[in-house]
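Colleague: Each chain, letter by letter, is given below.
2 protein chains.
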Amino acid sequence: MTLFKELEGAASGTRVPLAKVLDALPFNEQGLIPVIAQDHMTKTVLMLAWMDRHAVERTLDEGLVCYFSRSRQTYWQKGETSGNVQELVEMTFDCDADAILISVAQTGPACHTNRPSCFYLRVEKDEVSVKS
Amino acid sequence: MTLFKELEGAASGTRVPLAKVLDALPFNEQGLIPVIAQDHMTKTVLMLAWMDRHAVERTLDEGLVCYFSRSRQTYWQKGETSGNVQELVEMTFDCDADAILISVAQTGPACHTNRPSCFYLRVEKDEVSVKS
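Chain order of the listed sequences is A and B.
If you want my numbering, it's the position in the first sequence, counting the first as 1, plus 4.
If you want my numbering, it's the position in the second sequence, counting the first as 1, plus 4.
Taking lysine to any residue and the SDA-like style, the derived pairs with C-alpha atoms no more than 20 Å apart in a straight line are: (1) A:K129 with B:L92; (2) B:K47 with B:G67; (3) B:K135 with A:L29; (4) A:K47 with A:L92.
By construction, these hints were calculated from the structure, which means they are not laboratory data.
The model shown is predicted, which means the values in this text are computed figures rather than measured ones.
Chain A with its partners taken away, still in its complex shape (with noise of 0.2 Å):
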């Protein structure tokens, strides 16, 4: 049985060693797992990225969110360009362990567009609005 079904049934604060968490999360064929940041204050969905593992470990070594660009196939700091960081609050894995949430303090907008959120395309019936 895998690590993470043997946790499906665990109580309640129940406790693993990370590195043993880390050995067992499911990269796809990339390497890669996507990773949901929100908003630690408004519970706003800010973006959808991966991370590889080392990418996982940076972030929780040093406190500053870093994805791997899968278009520049390199690790990309969450703001080193902008300014617009990402610190990290809480770090948790799904039930299968195939995506990670991030509760994080956003520094200025998440978004390349300077809008706070990435999601800002907005299905109303038959059409697609375009959100601030």
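For this one, chain A is given, so just place chain B on it according to the hints.
Modeller: Okay, now just chain B, sitting in the frame of chain A:
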């Protein structure tokens, strides 16, 4: 220029036909796109799952969230066996449209482990703790 690049600089309130957006969605090599489900009241992030184009259209048409199960390679209307359905409140696409955020009214727990959210494995220093 792609539709989504064009919309980056669009004013708030700009509208485009939904069909045009669906035609332009950059599904991955499996024809899928990651979908974040967020509770519309509490703002809790409930789960991350995947949709293909049909699942996106079916969800919009029916108002009940339907994912595509990668492990079972079939459509999976959330709650079809458990009764823990998700009613769609709002759907938004992100800046490059390679992720979808849905706001939902969740009946019962979202997770198959009967926890309210799938994200229950919290990093605490060098350990991971099971949340209720």
